[in-house]
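Please arrange chains B, C and D on chain A, whose structure you already have, making use of the hints.
Residue numbers (this note's numbering), protein chains in the order written: chain A, 16 to 333; chain B, 253 to 904; chain C, 180 to 458; chain D, 349 to 493.
Misleading hints may appear alongside valid ones.
[What the hints assert, rightly or not] The list that follows gives simulated cross-link-like pairs (lysine-lysine, DSBU-like), each with its CA atoms no further than 35 angstroms apart: (1) C:Lys272 x D:Lys452; (2) A:Lys306 x D:Lys477; (3) C:Lys236 x D:Lys452.
Note that these hints are calculated values from the structure, not bench results.
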Amino acid sequence: MPKPKMAFNWASSCGGCEIAIFELGTKLVDVSKKVDIVFWPAIFDYKYSDLEAMPDKSIDVTFFNGAIQNSENEHMARLLREKSKLLVAFGACAHSGGIPALANTTTRDQIFTSSYKDTPTTDNPEKVLPQTRVQVKEGELTIPEFYNTVKTLDQTVDVDYYVPGCPPVGEQVSKVIDQFVAGDLPPKGSVLGASQKSLCHECKRTKTNRKISKIVRTFQTIPDPEKCMLEQGIICMGPATRGGCGAVCLDANMPCRGCYGPLPNVVDQGGKMLSALASIFDAESEEDIQKLADSVPDPIGTFYRFSLARSLMRRTKQ
Amino acid sequence: MVEKIGVYICHCGTNIARTVDCKAVAGYALGLPNVVVARDYLYTCSDPGQEMIKNDIRESGLTRVVVASCSPLMHETTFRRAVADAGLNPFLFQMANIREQCSWISENRELATTRAKAIVGAAVMRVEFNEPLEVQKVPMNPNVLIVGGGIAGIEAALQIADSGKRVYLVEKEPTIGGYMARFDKTFPTLDCAACILTPKMVSVGQHPNIELLSYSDVTDFSGYVGNFTARIRRRPRYVDEEKCTGCGQCEQKCPLSVLSEFDCGLGKRKAIYRPFPQAVPSTPVIDREHCLFFTKGVCRVCEKFCPRGAINFEQKERFIDVQVGSAIIATGFDLFDASRVKEYGYGKFPNVITSLEFERLTHASGPTVGKIVLKNGRTPESVAVVHCVGSRDNNYNEYCSRVCCMYSLKIAHLVREKTDAKVYEFYIDMRAAGKGYEEFYKRLLREDVTFSRGRVAEITDVAQNSSENGKLIVVAEDTLLSIVKRIPVDMVILSVGLEARRDALQVAHIFRISRSKDGFFLEKHPKLAPVSTAGDGIFIAGSCQGPKDIPDSVAQGAAAAANVLSLIDRKEVELEPTIALIDEDSCSGCKICIGLCPYNAISFDEPSGHAVITGALCKGCGVCVAACPSGAIEQQNFTNRQLTAEVEAICA
Amino acid sequence: MNKAYDRSARLVSRLLNIDLAELDDWNCCGASAYISIHELKAHLLSARNLSIAEKKKKDLVVVCPACFTTLSKTNHYLAEDRKFRRTISTALKSANLEYWGGVKVRHLLDVIVKDIGENEVKSRVKRKLSGLRVAPYYGCQLTRPFGEVDDTQFPMMLDTLLSWIGAQPVSFPLKAKCCGGLLMMTSEEVALGLNKNLLDCAAQNGAECIATICPLCHMNIETYQGDVNKRFGTNFHIPALYFTQLMGLAFGFSRKELGIDEEMVSSRVALEKYLEAAS
Amino acid sequence: MVIGLSTRFEPKIVGFLCRWCAYTGADLAGTSRIKYPPNVTPIRVNCSGRVDPTFVLKALASGADGVLIAGCHPGDCHYTSGNVKTIRRFKLLQRMLNQFGVEKERVRLEWVSASEGERYARIVESMTKEIRSLGPLEWKTKVEA
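Chain A extracted, bound-state conformation (with noise of 0.2 angstroms):
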């Protein structure tokens, strides 16, 4: 039996995927003695023509992380829909937009303003801004389309599988990257190698009383490690946030970020964390609550971090 060909790519994301199949160290020989890595431009060179001239369904599975923010990204993620038999969203880029996605709270323009002329740092006396096409003598140069929105990778091709995470548990990884060497798959659609229950199902900390009088910031505590971040005031995005993960943050004493995205039943992650949150409001009187509410730093950054491409929002209105 030929060994299945696997494939990697890297589209609008940290790399921060890329050293988490890294992490798997020398089990990745394991894995490479059980199948063939026909495509990694993280580690080999590759030519879009290599991939252009691989005839249609001849990679297994193709791992792709990030999210689809430029016409590079997208032009990728068609090439490698139409060359694989199963296409897998790696990571919380490509899962639900993750941290690229927060662009979504901003515009192109503005994004160009800010990259190439506010920003102290930049020198760009004639005020240049990135154009796809550009003529030079020696001819026409081009970059990729920078998009206005970010978008998941299954709001721009069908997707077979999702495995969540910023970046994925190497744990995780490996036992993924076993399901689909031994063909033991779910129907397709399911999140793989993430739990079906919340973070808080494997969190340690010892949970009381459901009450928040205020809202604390990182910076401004040492939490207790005993104790639930949220009784102490700390935004905590694991009530709404898959588990699967170990609960490594909270492990370090750091809030859940939401990285593993919504829950099985639940749509928007955001939503529901929000409605979680404000319900555990110890204020009953509206200046209170009002006060109480004021006192959430960026509500979109704190409950969509990483899967605002995928709420039911997008992005905000321009």
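Chains B, C and D only, in chain A's frame:
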């Protein structure tokens, strides 16, 4: 399985059809997914209308039914029953309200029809996700709580107790009897209030099935229909009800007299007192505010003279819990505070009095032993009766207090009967709707009473001529003559209106009753369910629902009793299955929901690590469902899928 | 004599640090004959004043209760009646004006009693009007119809103010009753009767003078006192003084500044002991 | 130019009405034949506390121009304090919607008792008017694109 949905668009005669194109809506419905039957019909709630639905279920094999007609508050039960008759689970039925919130609010046929389509569309999309539900039955506790011992509460208590059921009658005052006990005669028959009321009060006091809890109030009321728990505060009387025989020795010997509330401050009572001689229970109460022992630490005369050793200064407030299956709230009314109408000078002119003060004056056992006298002891030579004080007045209460016209006529009659005084009645309209009422008005017209139509502008002591000197001058336009009259009189009686009690809001909160705009308790339906409330098993009777005279209050007391008895006789009550359920496989034990339930229905099961809902305690508000960050809690018949389907249909 | 009201009001206000600025190009409020003949036009006149005041971003303070009521009514109707609002704004627009409902209409008495307050007023008193028995007369318009300023039937504001300056407000049950108003011109018989009731009531309660807040009331009381005496065979001699004149007196202004000798029913006797000190 | 009825923008508003107060109040408006714009399509819930903020987001993202949540007055909640939870969620949601760029007039939390038919009608009327002047939201087609 693909659902087969039947949709029925009701014309409701012309109520809906006038502004909604029912045919078009039915046509639209037929185009919706899985709709196999869509019909419009003149009166869907009629027998043939219901038959039509049943037939379609049987013959076309409908698995879901939508009726678009009136509000579900009106006919949801009717159609659920019809659907169940045809063998379909009643919760597979969905009602779409295209009357109260569609056809009746618009005159634009095009817009109303569009709106009706949206409403029907939402119901059709939702009904897809409706699930068959079983109605839970729980035993009905036959005990009944009645709050308020006025005539309405007394009537209800006796009716229920006579049928062999146990009644807890809670009264705030030291005695039952309410306002009626303070009246002299009653209109239009002029029979004496005490003669008809006191026998009933005595029956209440002696009835083996009635536990009378006077000088007490309800502080908490929890549970659900069939199984309520009422917490009752028993204020200390400082007299042992068991030992006291009601001999009255203590009252006679008590050295301290204070103004009597029962007599509107016109007479005196002792610091240990019964509000009036026929009080039930006959046990007196010590007024802690004034009693010399409580204020100065000396006296104890009552204790010394009590032949039974019933005085107990050590008595403390205590709370008792009683279990009941239903409750009747008959807390009555407050009188309008006449001093609010400054131009009538109540509180400034001693001889301007309220109608209740007049009742006490003319009452045979009142402070003047029934003599109608001025503050200086003289008999008045002229008396004015001013109607609608605080009623039918945008500055105070917009509504008509209903009883004032008739009691004002009674006052006029009593003044004429007992004195030679000239009597003037100032009225806006004479409202004499009731059996024998118009006849009573006619009788008064013949009793030489002067009627002047028009609202009184002011009552003043500023005289303009010698005939007005030393008199109270009633200034009013006579709208029949179109002149302003100035009538000098000796005494003015203000016919004050009835208002919701000052503690009505508190009572409403305890029993979770809504109130209408004017502050009175809101009935479930103004015509068809006048003594029911939105809360199952909780009924209202008498003037706490709105101003009422004695016959109406008695009728409501009896009606509430009948409602309660019918409930008790069913032995079981059905609970709405719209409760919340936790999917244990999805619950991650984050405990967000635990503290949110006002009924403590959610607990945490430590061994299994997930939350548990006790179905019987859940009232189905859905607060926990909206809060659950795992989406592990669902509310039956209000699932996320059902509500989202409605949202999607409306926004489509 | 209305000049006296104007002068004394300005003097008193300045002393109490009430910054009064005369409205540019103001017009009649519409109370006079307009409102009974063409109500809308009256409100339009008021709306114009309000619109000018709004531009200045100031509250509109008036001393005449008729102006006060008309301006207040206009404000109320504009807030409540959409059709009315549309009509008024169309009309204003034709004069390049607009009004957004942002002006509070105040009567000077209300401002002094509620905003300035007891301590400030008392601290300015140089000569207490001790023992001066004054009938506080509010007239019919200050509190009606809205009753926002004080009780509609029995207001107390002026009573309070008079006591702050040491005077003795007498019981005056007719304090908010009609003075006869414009009926003096159309139905003198009725108006004189009403006027007589007021004087009667003041006299019976021992008032030495009547404190007024309304120029029309003021005029009726003093100008027609002779006619009342003639018609009813009475012998009233009760001077009327604006409340600001009495305040000014207590604050130590001279009678000339306050226009105190200009009244038609002389206040000499009543004010004798205070005037000496003041002038 | 005269703008005809059919061309006038008719806001699509989703209403979440609690069964005990707001829905009954809305029924009363109908029973009293009070006329108001038919732009709110009601969804009946037992308590405003059942309204998951996600429903509001869902409605706006699916094409609603506005969302009305109406419940019992504070202190009058049939379930004691369900509406307090609604206020808590609504206040936080309002802040987030503001970030999303949804004008505050589009999403309202109102209290309507069972006897306030007139009040309900006036709320719907003012809300419809305000949203009409804001124009359509068209989240799917305009914002996300």
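Against the structure, the hints:
In summary, the hint linking Lys272 (chain C) to Lys452 (chain D) is supported, as the alpha carbons are separated by about 30 angstroms, within the 35 angstroms threshold. Of the pairs offered as hints, the one joining Lys306 (chain A) and Lys477 (chain D) holds, with about 30 angstroms between alpha carbons and a cut-off of 35 angstroms not exceeded. Between Lys236 (chain C) and Lys452 (chain D) the alpha-carbon distance is near 28 angstroms, which keeps this suggested pair within the 35 angstroms criterion.
Violated hints for the displayed structure: none, as all numbered hints are satisfied.
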